[in-house]
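In order, the protein sequences belong to chains S and E.
When the letters of the first sequence are read in order and numbered with the working numbering, they come out as residues 12 to 668.
When the letters of the second sequence are read in order and numbered with the working numbering, they come out as residues 9 to 261.
To be clear, the hints were calculated from the coordinates, so they are not data collected in a lab.
No false leads were mixed into what you were given.
Derived SDA-like pairs (lysine to any residue); straight-line CA-CA distance at most 20 Å:
hint: 1; chain 1: S; residue 1: K280; chain 2: E; residue 2: N121
hint: 2; chain 1: E; residue 1: K125; chain 2: S; residue 2: D288
hint: 3; chain 1: E; residue 1: K124; chain 2: S; residue 2: D288
hint: 4; chain 1: S; residue 1: K280; chain 2: E; residue 2: T123
hint: 5; chain 1: E; residue 1: K13; chain 2: E; residue 2: D81
hint: 6; chain 1: S; residue 1: K281; chain 2: E; residue 2: D106
hint: 7; chain 1: S; residue 1: K281; chain 2: E; residue 2: T123
hint: 8; chain 1: E; residue 1: K32; chain 2: E; residue 2: Q80
hint: 9; chain 1: S; residue 1: K281; chain 2: E; residue 2: K137
hint: 10; chain 1: E; residue 1: K137; chain 2: E; residue 2: G154
hint: 11; chain 1: S; residue 1: K661; chain 2: E; residue 2: K85
hint: 12; chain 1: S; residue 1: K665; chain 2: E; residue 2: E86
hint: 13; chain 1: S; residue 1: K624; chain 2: S; residue 2: L254
hint: 14; chain 1: S; residue 1: K406; chain 2: S; residue 2: F479
hint: 15; chain 1: E; residue 1: K225; chain 2: E; residue 2: G51
hint: 16; chain 1: E; residue 1: K225; chain 2: E; residue 2: V253
hint: 17; chain 1: S; residue 1: K281; chain 2: E; residue 2: N146
hint: 18; chain 1: S; residue 1: K406; chain 2: S; residue 2: P475
hint: 19; chain 1: S; residue 1: K281; chain 2: E; residue 2: E129
hint: 20; chain 1: S; residue 1: K665; chain 2: E; residue 2: S84
hint: 21; chain 1: S; residue 1: K598; chain 2: E; residue 2: E86
hint: 22; chain 1: S; residue 1: K27; chain 2: S; residue 2: E98
hint: 23; chain 1: S; residue 1: K13; chain 2: S; residue 2: N120
hint: 24; chain 1: S; residue 1: K406; chain 2: S; residue 2: H477
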Amino acid sequence: MKLSTLVFRSMRKNIKHYFLYFFALIFSTTLYFSFLTISTNDSVTLLKNSNVKAGAAFSVGSIILLIIVVLFVFYANQLFMKRRSKEIGLYQMIGMPKSTISWMILVENIILWIIAIATGIALGFFFSRLFTMAFLKVIKSEQLVTLYFSPEALWKTIVVFAIVLVVIMLQTIWIISRSKLLDLFHAESKAEQKIKKISFFKLVIGLFGIVLIVYGYYRSTVLFKISDNVSMNDMFISMGVILGTVIIGTFLVFRYSVAFIMNLIRSSKKGHLRLGDVLAVTPIMHRMKSSSLSLSLITILTGLALGILSLGYIAYYGAESTANQSSPYDFIILNQNEKFEQSLKKEEIEFTKYEFTPLTVQVDTRKLLKNTVPKDSEFNTSFENLVIPYSQAKKVIPDLELSNNEAYLSGYSQVMASLLPLKADEEINVDVHNLQKKLIVKEIAQKSIVPSMLTYGSYSIIVPDHVFDQLKVQKDIRTATIWKSYTGYNIHPEDVIKVQKIYDQTTNNGEFNSKHASTNIFSKNQNLNMQIEALGLVIFIAGFIGCAFLLATGSILYFKQMSEAEEEKASFTTLRKIGFTEQEIMKGIILKQIFSFGLPLLIGVLHSYFAVKSGWMFFGSELTAPLFITISIYVALYSIFAVFTTLYYKKIVKQAL
Amino acid sequence: MEIVKARKLTKSYGKKQSATQVLKGIDLDVQSGEFVGIMGPSGSGKTTLLNVLCSIDTYTSGVVEINGNSLQDLKSKELSKLRRTEMGFIFQDYNLLDTLTVKENILLPLAVNKTKKDEAEARCQELVKQLGIEGILNQYPNEISGGQKQRTAAARALIMKPSIIFGDEPTGALDSKSAAALLESIEKLNKANHITIMMVTHDAVAASYCSRVLFLKDGKIYTELYKGEHSRTEFFQQIMNTQAVLGGEPNEA
Numbered sequence: 012m013k014l015s016t017l018v019f020r021s022m023r024k025n026i027k028h029y030f031l032y033f034f035a036l037i038f039s040t041t042l043y044f045s046f047l048t049i050s051t052n053d054s055v056t057l058l059k060n061s062n063v064k065a066g067a068a069f070s071v072g073s074i075i076l077l078i079i080v081v082l083f084v085f086y087a088n089q090l091f092m093k094r095r096s097k098e099i100g101l102y103q104m105i106g107m108p109k110s111t112i113s114w115m116i117l118v119e120n121i122i123l124w125i126i127a128i129a130t131g132i133a134l135g136f137f138f139s140r141l142f143t144m145a146f147l148k149v150i151k152s153e154q155l156v157t158l159y160f161s162p163e164a165l166w167k168t169i170v171v172f173a174i175v176l177v178v179i180m181l182q183t184i185w186i187i188s189r190s191k192l193l194d195l196f197h198a199e200s201k202a203e204q205k206i207k208k209i210s211f212f213k214l215v216i217g218l219f220g221i222v223l224i225v226y227g228y229y230r231s232t233v234l235f236k237i238s239d240n241v242s243m244n245d246m247f248i249s250m251g252v253i254l255g256t257v258i259i260g261t262f263l264v265f266r267y268s269v270a271f272i273m274n275l276i277r278s279s280k281k282g283h284l285r286l287g288d289v290l291a292v293t294p295i296m297h298r299m300k301s302s303s304l305s306l307s308l309i310t311i312l313t314g315l316a317l318g319i320l321s322l323g324y325i326a327y328y329g330a331e332s333t334a335n336q337s338s339p340y341d342f343i344i345l346n347q348n349e350k351f352e353q354s355l356k357k358e359e360i361e362f363t364k365y366e367f368t369p370l371t372v373q374v375d376t377r378k379l380l381k382n383t384v385p386k387d388s389e390f391n392t393s394f395e396n397l398v399i400p401y402s403q404a405k406k407v408i409p410d411l412e413l414s415n416n417e418a419y420l421s422g423y424s425q426v427m428a429s430l431l432p433l434k435a436d437e438e439i440n441v442d443v444h445n446l447q448k449k450l451i452v453k454e455i456a457q458k459s460i461v462p463s464m465l466t467y468g469s470y471s472i473i474v475p476d477h478v479f480d481q482l483k484v485q486k487d488i489r490t491a492t493i494w495k496s497y498t499g500y501n502i503h504p505e506d507v508i509k510v511q512k513i514y515d516q517t518t519n520n521g522e523f524n525s526k527h528a529s530t531n532i533f534s535k536n537q538n539l540n541m542q543i544e545a546l547g548l549v550i551f552i553a554g555f556i557g558c559a560f561l562l563a564t565g566s567i568l569y570f571k572q573m574s575e576a577e578e579e580k581a582s583f584t585t586l587r588k589i590g591f592t593e594q595e596i597m598k599g600i601i602l603k604q605i606f607s608f609g610l611p612l613l614i615g616v617l618h619s620y621f622a623v624k625s626g627w628m629f630f631g632s633e634l635t636a637p638l639f640i641t642i643s644i645y646v647a648l649y650s651i652f653a654v655f656t657t658l659y660y661k662k663i664v665k666q667a668l
Numbered sequence: 009m010e011i012v013k014a015r016k017l018t019k020s021y022g023k024k025q026s027a028t029q030v031l032k033g034i035d036l037d038v039q040s041g042e043f044v045g046i047m048g049p050s051g052s053g054k055t056t057l058l059n060v061l062c063s064i065d066t067y068t069s070g071v072v073e074i075n076g077n078s079l080q081d082l083k084s085k086e087l088s089k090l091r092r093t094e095m096g097f098i099f100q101d102y103n104l105l106d107t108l109t110v111k112e113n114i115l116l117p118l119a120v121n122k123t124k125k126d127e128a129e130a131r132c133q134e135l136v137k138q139l140g141i142e143g144i145l146n147q148y149p150n151e152i153s154g155g156q157k158q159r160t161a162a163a164r165a166l167i168m169k170p171s172i173i174f175g176d177e178p179t180g181a182l183d184s185k186s187a188a189a190l191l192e193s194i195e196k197l198n199k200a201n202h203i204t205i206m207m208v209t210h211d212a213v214a215a216s217y218c219s220r221v222l223f224l225k226d227g228k229i230y231t232e233l234y235k236g237e238h239s240r241t242e243f244f245q246q247i248m249n250t251q252a253v254l255g256g257e258p259n260e261a
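Using the sequences and the hints given, assemble the complete structure.
Okay, here's the thing in structure tokens:
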């Protein structure tokens with residue numbers, strides 16, 4: 012028989028095993044190729060509202076995507092080789108030299124890869140349009156998408172996958188050359204260990220793993236508390252510590268704690284196991300040594316994917332409120348500019364107008380702090396604040412009531428709330444050389460009435476008019492105040508485009524100058540569009556990468572469970588022979604799947620929850636809803652893999668008798 | 009009382025045109041407390057007969073009744089239950105679960121039953137004492153010998169107090185000493201506890217422990233031998249003679 016005949020015969024025979032590997036390859040290629048196609052599409056890369064470099068973001072995304080794809084293909088190949096170890100052993104036994112076996116498997120691989128990559132590119136070509144449409148929808152752009160074939164993406168994909176193929180081949184040759192005939196026959200059972208007794212040492216290490224994770228979680232909750240982190244350097248160290256403890260802890264939990272707990276459960280039954288214990292608890296316990304690494308990896312990847320997706324979505328979700336924060340009115344005019352308003356009147360556009368004359372005042376707000384702040388970061392609390400008189404603020408906040416010695420803080424953003432927690436009902440101090448005023452802060456509100464261009468992201472202070480009048484006459488304050496006044500205009504939503512044109516014409520595209528400074532002000536709509544484009548890009552790329560993570564983790568679990576199912580087939584045969592029904596066995600299997608898929612997911616979700624919770628305020632203004640939505644979608648998609656695995660088991664159990 | 013009853017039992021493999029008939033009309037009765045051996049050359053249908061009788065395999069036509077339950081009338085779920093409650097199994101390759109200890113393997117059939125724990129515990133202790141495997145209860149199958157594995161399987165087969173035990177070459181993978189020890193234990197259980205046993209074997213020594221031996225040839229019962237008042241050695245000689253007539257080699261059939 013010629014070698015080529017053998018290759019084709021073995022490929023045909025192995026088609027079931029190949030299927031997964033093949034599918035994984037096609038999916039990877041599809042994802043990568045369509046990602047590259049999108050990134051070379053001009054209608055995507057040239058975002059009109061913002062100067063975000065979409066191309067750069069896409070190329071970073073493609074690198075991350077590639078890393079996942081390579082790791083995944085590597086893992087799949089390794090598992091695939093392990094499953095074929097018997098076949099390879101057989102060839103060796105009949106006297107085929109290792110070089111011939113390697114060559115045979117290489118030929119198989121090349122055929123497989125060529126078919127898979129061609130299919131993947133074809134699918135990717137069609138999907139890229141779908142993905143582009145999805146992308147433009149996410150950034151709320153109404154462009155038409157043409158089916159666009161990118162030669163650049165094509166050759167990049169081919170080159171990259173050719174390199175990966177070479178690496179995979181080297182891996183394969185290495186595995187074959189290292190293998191001994193005897194090992195090959197035992198490869199499948201080699202990884203299993205028999206647990207005799209759980210030693211005290213392992214118990215301690217297992218517990219230590221849990222302690223590490225909890226400690227990491229704790230550190231993450233205090234990561235961005237100013238009082239604990241004096242310098243940036245400390246914060247980076249802190250982040251490293253959190254990452255390290257959580258990752259090591261996860262591994263220790265999988266390596267020691269799980270087997271320990273399982274053994275505890277089974278020992279407590281004193282030999283009287285239920286079928287669930289037989290089919291779920293004992294196999295998991297025995298496999299923990301070999302699967303702890305991959306389960307930890309899956310957990311970390313799940314946590315990472317969920318973290319990226321959640322933060323991306325939190326940012327996207329909060330785009331509108333971020334836009335509101337930075338420009339509380341539809342249009343803003345700094346100082347006086349009659350032209351804009353005159354044009355509005357001429358065009359007969361209705362508008363509401365809010366006029367403000369802010370002052371820049373040194374206010375001591377130290378007493379508001381919830382936590383004491385270390386000495387060297389005190390500058391944070393006594394810098395210049397914008398002060399607005401009560402009568403002007405009342406027009407925007409109609410139910411605002413202030414008595415003579417009270418003040419009101421507005422524009423207290425989420426980021427501030429997390430970094431610098433403040434409490435109301437405390438004193439603030441205005442101390443300008445011949446004027447001293449103490450005011451009680453009545454309330455601290457998130458709603459902003461001053462554009463962030465003027466407050467630099469901080470809060471503004473609303474004071475009673477008589478206090479304001481006293482401040483106004485201070486010469487120091489008048490010099491310190493850069494922008495003497497600003498006016499906010501709110502209009503009907505349908506007039507936005509028309510007014511934007513007028514605004515651009517009358518204010519030279521939102522450019523304002525004072526004696527000491529010049530600045531550009533964007534309208535609320537512009538702000539919103541910029542936010543949505545930039546964050547849409549982020550969420551889209553995060554989604555793509557999240558998809559790859561999900562695919563990789565789900566498939567790894569599926570592969571693992573598939574080979575476990577085959578290894579356990581003999582047990583199913585025995586169980587069915589001695590009189591257990593398919594349904595009874597499946598109950599135990601489902602329990603096992605809930606564990607195998609559920610535990611990494613649960614710990615991954617916990618990891619991402621704590622990661623997101625520690626830093627989400629830098630991304631958006633709402634935590635619960637986007638986090639919940641992201642996790643739900645992820646869990647739903649992830650469960651598909653569990654369902655497929657269970658169906659595969661069902662088939663095996665059915666065949667077992 | 010008849011524990012196993014088969015009438016005109018046939019079994020064919022393959023599709024209609026190219027079907028090969030493995031069992032060609034077998035009539036068989038096994039009384040309560042009997043120890044029946046099935047012998048015959050390779051391809052005579054011994055294992056098929058056993059698999060069909062114990063409901064692991066299906067049959068083409070005829071009647072099979074186990075303890076009065078006709079297998080044909082039962083659905084697969086009910087068959088499973090029948091296997092679990094009425095039958096015990098000992099296979100050549102032990103069929104123990106590697107991830108379970110000896111004790112857990114023995115108690116396995118109770119995994120979905122609501123048997124009281126102390127009752128099961130007492131039964132388990134009694135069986136392991138009878139089979140001489142008290143010392144290895146907490147060990148895993150890969151840590152014990154083949155003979156011990158097969159005794160474990162025997163204990164598992166007996167834990168549910170079945171009406172019949174089916175053995176498919178139970179001594180096939182054992183050395184002669186372990187085989188003799190196992191067969192003696194089984195014989196003791198059969199005599200003392202009146203447990204019905206049906207066993208396929210190609211080993212005349214193993215068969216000589218039985219109270220009756222059926223000889224199969226080409227899917228039919230060729231003849232049967234009763235031990236009666238004979239000693240084991242005499243019975244062994246009779247079996248050897250019959251095998252010689254049957255055309256199989258004395259020790260390898």
